[in-house]
Amino acid sequence: MTLVEIQHQLYNIANSGDPVFADFASQINDIVEQAKAGQMTPQDTAEILRDAQRQLVILDSMNALAFKETLNTCITGLIMIAGAV
Amino acid sequence: MKQLALLLVPLLSSCAIYDAVTMTGFDPNEYRIITEIRVDANHYKDACANPLLAQVNAVAMARKTDLFEAYSEQIPNNADGYKASTSLNEIAQGLAKRYDTPPVSPLFCKLKYSSIENSARVIQHTIGNRPR
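Chains S and W are the protein sequences, given in the same order.
For what it's worth, my numbering labels the leading residue of the first sequence as 1, then goes sequentially.
For what it's worth, my numbering labels the leading residue of the second sequence as 1, then goes sequentially.
In case anyone wonders, no lab produced these hints; they're calculated from the structure.
Be aware that one or more of the hints could be misleading.
Unchecked claim - Label-pair ranges, simulated between beta-carbon atoms:
hint, chain 1, residue 1, chain 2, residue 2, range
1, S, E5, W, P102, 31 to 37 angstroms
2, W, G128, S, F21, 19 to 25 angstroms
3, W, T35, S, V57, 17 to 23 angstroms
Heads up, the beta-carbon is just placed ideally off N, CA and C, and yes, glycines get one too.
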């Protein structure tokens, strides 16, 4: 995949309207533009992009945790209902 | 209603129920540390143009994310939280390590702190919603 194709993909995600990933893709595209303009070394750019991957891991872990929190609230509610009737 | 409740519970997978019921509750210490990381990242971003101060801040941030990871590690039933804390610590360690080979561009420093701040906000939001 060429840089142009990658940026096109990022552009599509940035304009997808997704509440989380649209902004994320836009920030990554900004980083790529800054790298192209020579504002950062290739090594620093690679490190910042690795950080973007780490942020995806964090989002994924926290989504899983949020799901469990919701499920826990539901189960607690069901237990209360079952106990009250 | 009781029958409805008893009917709904088996519909969920037993693993999901076990994970949800045994999940760790709200921990004020954990919440405090992640809030400090978020606020520090926001303030340290402004000092990126000062190389000496920025290095001191980067080391302080790396120590705090290290503390957060070590704290999360031993909390029972906290695999997701520990995974997130490890990734957050990797981001901060990368910044501190970068100061071993100066010069460090202020833009790199600011982008690193933005990553830390954004990640800390996501973690803070989720662990703040844990059952109390």
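Results for each hint:
no.	hint	result
1	E5(S) with P102(W): 31 to 37 angstroms	36 angstroms, holds
2	G128(W) with F21(S): 19 to 25 angstroms	22 angstroms, holds
3	T35(W) with V57(S): 17 to 23 angstroms	21 angstroms, holds
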